[in-house]
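Peer 1: Given these sequences and hints, build the entire structure.
Taking the UniProt record's numbering, I'd label the letters of the sequence shown as residues 1 to 497.
Hint data in this document are derived by calculation from the structure and do not stem from the laboratory. Treat the hints with caution; some may be incorrect.
[Said to hold, decoys possible] Heads up, simulated DSS-like pairs for lysine-lysine below, C-alpha to C-alpha not over 30 Å straight-line:
1. K299 x K221
2. K299 x K331
3. K409 x K465
4. K409 x K311
5. K221 x K331
6. K465 x K311
7. K413 x K311
8. K465 x K413
9. K221 x K465
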Amino acid sequence: MKKQNTNHTISQIFLIMAFILPQNVYPQAFHQALHNESLQATHHNQQNLDSESLQMPAKQAKQNLDSMPFFVIARREAIQNPESRIQNPESRIQNPESRIQNPESKTQNLDSTQNLATQEPTLTTLATQPQTQSNTTQPQPQPYLQPRLPQSAESPLYLRYNLGFDFFLDNTEGSDPYWATRTLYAIRIAPEIGMGIGQNHSIMFGGFAIQNMGASTIPTKANISAYYRYEGEIFRAYFGIFGRRYWRGEYPLSFFRQDFLFFNPNTNGVLLQYISHQDSAINGYAEFVFDWFGGNLAKRFDEFFVLASGKVRFLNNYGFVGGSALLYHFKNDEVLSQDGAFTPSGLPDTQLMDKIYYNAYIGVDFVPLLRAMQTAQIQFGALSSIERKRRLSGLGAFHHAMGYEGGFKLQYKGFGLEESYYFGDGQMYYYSEYGENFYDGLPFYRADRFNRVNVFYEYRNNWLKANLSFMFFSLPQTFALQQMLTLSIDTHRLFGK
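Peer 2: Put into structure tokens, the structure is as follows:
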């Protein structure tokens, strides 16, 4: 006990010298004694809250504190916490139980104090160090920062939104007699808002509006969208009324032409997709679509189609095979009566039309070999259709059109060249009777052969896609030219919502 009192007396003498003399006068031993006194004072203060954490009794600590001169106590307080009373005078009142809530931090603080004792302190470092009386696990309050919510308070629900914008310009010349010349010029917006649920689920509501340039009717065409979406790692599903932009399948132009997809952007039904991992030696995708695109239940009109597509890559993506199929079920005698066939009682004879399109192909992709190319591939396949009328007077005959198509596509830094050649039977057997009201594909497939060359430039990033194309069609006794400019902005990808 006498030794402890002697050391304590020597420390007090050094503290008095620190208060009087400048820093560069007292020796290194004085630094150590001063630091030890500061650490001892810290232990004394902690003893007032938890007497069991220190070996020195509380009564002895109080006697030591009372025995110190007032200017030594003031000097020690100035060294340990020079500005805390001025900057935060109410911190002890606002958080009186911080030490009680975290009693284990005292052991951590004692360890950190012992580490500091091995260093060579100066008055400057002691004055600038954080207050040793506070727990090291609790940082100083920063009122300009927003507090983080506890993880248990985070909600799995979050807002999702999108304002899709599309621009479409299509000018077709010299296409008679297969297709009427025309100019299409329109914009489309498709705002959506909804709620995300976790990482994979969302419910969205919105619609689309199409405005033809120069048209007096505003909007030219509009409809709603409302759907549930699930997006997993390899499986996706959509139920309701949603955009056809979610389709992944590669469908030939005999199925759908570009202007049809622009002016009819919604799917009414179900979309299911499977997408395998792209880094495997054999990978691919599969897609199924059910689309109730029209009809009138009161009049017993049924208008829907079933669409399926798949593609498999093999040999480290050098080779690929794929196919697609489209089944139309069209029951609308008001449209089908345009063929002029009526029963003796005056009813439309044609009640229903069936269409089946199918496409199967095989190809080679050179991009794994030519790394600088964006696209470099060739492919060849069968492209055929089956059509039949169902009449009140009896079933009509099947018209089977068998054809083949081959082509290639090259693209480098946005600039591209694409060519395809179709030969075989002329398709769209009833086009002269129903026209584009019933056929959604490119009417040039009505010919028994035609060549298509597309020279284009395409710019694409995460949220913008712009394409300028010049297409040339060579058909028997006809040469047609088509210019097309399209632009699409997907703000869902822009804002990540």
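Peer 1: Hints the structure violates: just list their numbers, smallest first.
Peer 2: none
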